[in-house]
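*Asks:* Top to bottom, those sequences are chains L and F. The first sequence begins at 2 in my numbering and counts up one residue at a time. The second sequence begins at 2 in my numbering and counts up one residue at a time.
Treat each hint with caution, since some may be false.
Remember, identical chains collapse to one label, so a pair may be satisfied in a single copy or spanning two.
Dumping the calculated DMTMM-like pairs for lysine to aspartate or glutamate here, alpha-carbon to alpha-carbon at most 20 Å [unchecked claim]:
1) 77 <-> 95
2) 289 <-> 14
3) 77 <-> 108
4) 57 <-> 23
In short, the hints are calculated from the structure, not lab data.
Number of protein chains: 2
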Amino acid sequence: MTTAGEVTAFLRELVDAGLLLDCGVPGVFGRGPLFEDIVERFDAYVTRVGAPDAPKRVRFPPVLNRQAFERSGYMKNMPQLAGTIHSFEGAQKDHQELMQELEGGADWSHRQRITDVVLTPAACYPLYPTQKGELPAEGRLFDLLSYCFRHEPSEDPARMQSFRMREYVRLGAAEDVRSWRSRWLDRAQEMTRAAGLDAHIALANDPFFGRTGRMLAANQRDQELKYELVVPIHPGGEPTAIMSFNYHQDLFGGLYGISLQGSAAHTSCVGFGLERIALALLKKHGLKPEQWPKSVYDLLWP
Amino acid sequence: MTTAGEVTAFLRELVDAGLLLDCGVPGVFGRGPLFEDIVERFDAYVTRVGAPDAPKRVRFPPVLNRQAFERSGYMKNMPQLAGTIHSFEGAQKDHQELMQELEGGADWSHRQRITDVVLTPAACYPLYPTQKGELPAEGRLFDLLSYCFRHEPSEDPARMQSFRMREYVRLGAAEDVRSWRSRWLDRAQEMTRAAGLDAHIALANDPFFGRTGRMLAANQRDQELKYELVVPIHPGGEPTAIMSFNYHQDLFGGLYGISLQGSAAHTSCVGFGLERIALALLKKHGLKPEQWPKSVYDLLWP
Numbered sequence: 002m003t004t005a006g007e008v009t010a011f012l013r014e015l016v017d018a019g020l021l022l023d024c025g026v027p028g029v030f031g032r033g034p035l036f037e038d039i040v041e042r043f044d045a046y047v048t049r050v051g052a053p054d055a056p057k058r059v060r061f062p063p064v065l066n067r068q069a070f071e072r073s074g075y076m077k078n079m080p081q082l083a084g085t086i087h088s089f090e091g092a093q094k095d096h097q098e099l100m101q102e103l104e105g106g107a108d109w110s111h112r113q114r115i116t117d118v119v120l121t122p123a124a125c126y127p128l129y130p131t132q133k134g135e136l137p138a139e140g141r142l143f144d145l146l147s148y149c150f151r152h153e154p155s156e157d158p159a160r161m162q163s164f165r166m167r168e169y170v171r172l173g174a175a176e177d178v179r180s181w182r183s184r185w186l187d188r189a190q191e192m193t194r195a196a197g198l199d200a201h202i203a204l205a206n207d208p209f210f211g212r213t214g215r216m217l218a219a220n221q222r223d224q225e226l227k228y229e230l231v232v233p234i235h236p237g238g239e240p241t242a243i244m245s246f247n248y249h250q251d252l253f254g255g256l257y258g259i260s261l262q263g264s265a266a267h268t269s270c271v272g273f274g275l276e277r278i279a280l281a282l283l284k285k286h287g288l289k290p291e292q293w294p295k296s297v298y299d300l301l302w303p
Numbered sequence: 002m003t004t005a006g007e008v009t010a011f012l013r014e015l016v017d018a019g020l021l022l023d024c025g026v027p028g029v030f031g032r033g034p035l036f037e038d039i040v041e042r043f044d045a046y047v048t049r050v051g052a053p054d055a056p057k058r059v060r061f062p063p064v065l066n067r068q069a070f071e072r073s074g075y076m077k078n079m080p081q082l083a084g085t086i087h088s089f090e091g092a093q094k095d096h097q098e099l100m101q102e103l104e105g106g107a108d109w110s111h112r113q114r115i116t117d118v119v120l121t122p123a124a125c126y127p128l129y130p131t132q133k134g135e136l137p138a139e140g141r142l143f144d145l146l147s148y149c150f151r152h153e154p155s156e157d158p159a160r161m162q163s164f165r166m167r168e169y170v171r172l173g174a175a176e177d178v179r180s181w182r183s184r185w186l187d188r189a190q191e192m193t194r195a196a197g198l199d200a201h202i203a204l205a206n207d208p209f210f211g212r213t214g215r216m217l218a219a220n221q222r223d224q225e226l227k228y229e230l231v232v233p234i235h236p237g238g239e240p241t242a243i244m245s246f247n248y249h250q251d252l253f254g255g256l257y258g259i260s261l262q263g264s265a266a267h268t269s270c271v272g273f274g275l276e277r278i279a280l281a282l283l284k285k286h287g288l289k290p291e292q293w294p295k296s297v298y299d300l301l302w303p
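The following block holds chain L by itself, in its conformation from the complex:
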């Protein structure tokens, strides 16, 4: 079977078993009771592993201040993945015309105006603007979770348009931030070993756009700014990243005025792709958790 065939077969299996619900758009799915339970159980496991660091738990909605987003560089680096939010602000007559277009199957999108918010592309983006100012000497540590959006319609259930990312974000001095990321690279490998997944760490780069993007990607790799923990969800194809470990140097510190002893603070984030982790577990151990290896089951249903 081709990889594409395998991907489609796995998706069909998940939908038939009620783990995912088809919403009629590639990469958009409802989550059945068991799928949601696996996501929440792994999320709770992440909480247990991260608890000794006493992170501050903050939650943002899935939308982000457009001005802050524009400042982030995302539209420069990955414009193809972003989602802006548009609304109707017209009067009665415009509305009548809109409805004629909609009912006649014509394009009505030209009546929508861009709003002050965009969809959150990664769970940590809304955090940085709220941290403007001087950090305490020891820096800060946050625990985040958000639905994120990436416009990449795909038949691969491991490439959803709307998915949850759990994150820890460290802000502080360069050496503190880097050693924190190293500790999570170790922890993450222990976590996936305990979960019975064949994962390994790989140097990685963001999916930068276009020709100049290739240079950005090479630079990111040279400086080892991004690692991923990857798992072979689809045996014939590329391995899938289920966690990522990003060191931003002083990029966000500089962009959003977050300082430490007068200089731009350094930041790093560790992200867990919760839907992808659930899919990796289901692919490796089968669709019935009560038949998973006992140590894996006990890890998530302690």
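Mind docking chain F on chain L? Use the hints.
*Replies:* Positioned in the frame of chain L, the structure of chain F alone reads:
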């Protein structure tokens, strides 16, 4: 103090206490640890009250199939509140022009194209299309929770643009659906009484758009299709709806091909505005749950 002044003062109090985080856009806030805890505690209380009915727990992402959304009538009834999602699909040259516009402070939104998804306006919208076909005689009952979007930028923390709605949705025969809604009207009043809130049930209507909207609203009230449980969060102003109880007759059954013994099924939903409930509790009992009336504290932290 004017009502507008009270609203602003309450918001400032919440931000100063770290309950909400300012994101720089009206109606978009981060949730601090305590605010999130109150939301989750009330959500768990809803789960306990609803558990005897054995609902099926399904979760959808905060985005919805645009085709299904267009069919729903939302753009006809409440176009001003909807959010459509647009993405960049251009090539290298378009991207260079976009970046020139963005960096020069010009409008770059004309480069975005409408995608196949919109933001979810109410937690139950994604469910109906998945229920196409014949229902079992006893109907079905679902438990949903989703971030919802409404484009109504406001300084009132009780009118967020992005907020969570917990819902139960009943599909079935008209009489089953109606008696189910009646039972929740009773339960909801018991719940708010136990939570120490001065709530009461009110006949209501959706915020329909424009001139024809006034007729739709009157019709909805005449037929008692919508009730709300309202609380005076802002003493001088209109009471705020924290729960709603909607009977759709066979509207969604007809639109999405959900049938019962050959006819369009009836549907009803009961929605809990989780952020509004947290705000109502904080306004009534103060910003420190450990100082709330003991019975209220014990109800949520059992």
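*Asks:* Next, verify each hint and record whether it holds.
*Replies:* Now for the hints, and whether the structure bears them out:
1. Within a single copy, residue 77 and residue 95 get their C-alpha atoms only as close as 33 Å, which misses the 20 Å cut-off; across copies the closest is 12 Å, which meets it.
2. In this assembly of identical chains, the alpha carbons of residue 289 and residue 14 lie at most 20 Å apart only when taken from the same copy (12 Å versus 48 Å across copies).
3. Taking CA atoms no more than 20 Å apart as the test, residue 77 paired with residue 108 passes between copies only; the shortest distance there is 15 Å, against 28 Å inside one copy.
4. Taking the closest pair of Cα atoms, residue 57 and residue 23 come within 20 Å of each other only across two copies (16 Å); inside a single copy the shortest separation is 36 Å, beyond that limit.
Hint compliance for this structure: every hint is met.
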